[in-house]
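As they're listed, the protein sequences go chains A and B. Each residue of the first sequence is one higher than the one before, starting from 23 at the first, in our numbering. Each residue of the second sequence is one higher than the one before, starting from -2 at the first, in our numbering.
One should not assume that every hint holds.
As the list claims (entries may be wrong) - Computed cross-link-like contacts, BS3-like style, restricted to lysine-lysine with a CA-CA straight-line distance of at most 27 angstroms:
{"hint": "1", "chain 1": "A", "residue 1": "Lys102", "chain 2": "A", "residue 2": "Lys36"}
{"hint": "2", "chain 1": "A", "residue 1": "Lys25", "chain 2": "A", "residue 2": "Lys148"}
{"hint": "3", "chain 1": "A", "residue 1": "Lys25", "chain 2": "B", "residue 2": "Lys125"}
{"hint": "4", "chain 1": "A", "residue 1": "Lys36", "chain 2": "B", "residue 2": "Lys125"}
{"hint": "5", "chain 1": "A", "residue 1": "Lys148", "chain 2": "A", "residue 2": "Lys36"}
{"hint": "6", "chain 1": "A", "residue 1": "Lys36", "chain 2": "A", "residue 2": "Lys25"}
Derived from the structure by calculation, the hints contain no laboratory data.
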Amino acid sequence: MSKLIDAAFGIHPKALALGARRLEVLAANMANADTPGYKARDIDFRSALREATGAAGGGRLERTHERHLAGRAAASEQLKYRVPNQPALDGNTVDAELEQTAFAEAAVRYQASLDFLASRIDGLRKALRGE
Amino acid sequence: MSLFRIFDIAGSALSAQSTRLNTVASNMANADVASSTAEGVYRSRQPVFAALLRGERGAAKDQLPGVQVLGIVEAERPPRVEHIPGHPLADENGYVYFPGISTVEEMANMISASRSYQNNVEVASTVKQLMLRTLQLGQR
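Make a model of the complete structure from these sequences and hints.
In structure tokens, the structure reads:
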């Protein structure tokens, strides 16, 4: 039963969690827009999602022997430093406009995931009621 | 839920920026305060920002920082000296000392602080909407 629900929800719960994490990273960037020496960071959403869903080509460690320990890349390893466009003299690499647009994009993606999930829940409910 | 952390982060930034606005207001208000000695003159105050990591040190690498005000430093700019013998605060040579504060610099500082403040308010309100929508997920 839970497998059915998992299959119905698909990628979206993970996309939602990753989206929340990315919003957090971007909020931290914007909060530190005036902090000397702060380096802007971001998540590579595509590869992080690929890794979270366990698809091939992600940063996952493959086990070639059954006695190997299962390895998992930590969340911090998905955080990457932004290539600065015009770094400030005090070592700060936050570009406020870039972060604003990235934040808006991330918020819209988060809402899209929410809408997908809502429609899936609707579908499941209809199926359960047999309408 | 990691969205809650954003309120901490944006909140720390709001508090830091409002400290900065406060120092700007203080500097502007005291820009023309005269003194009879070079030592007694008002010096412009500037906050020093630093990234703020909460919790134990081991987790710091994965954690996203807010902002804190490390302290407020007084600028080492020499006072403006003017020769006004009739001034009530003039010293025996007729000199009066004014703070070495550039109001243009302070205004630019204020605009930058208020823009950053607005940015973080926007972040907090967007995240609040997203959280409310997440809570309503599956309700009808």
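Cross-check of the supplied hints:
| no. | hint | in the structure |
| --- | --- | --- |
| 1 | A:Lys102 / A:Lys36 | 20 angstroms, holds |
| 2 | A:Lys25 / A:Lys148 | 18 angstroms, holds |
| 3 | A:Lys25 / B:Lys125 | 32 angstroms, violated |
| 4 | A:Lys36 / B:Lys125 | 20 angstroms, holds |
| 5 | A:Lys148 / A:Lys36 | 24 angstroms, holds |
| 6 | A:Lys36 / A:Lys25 | 15 angstroms, holds |
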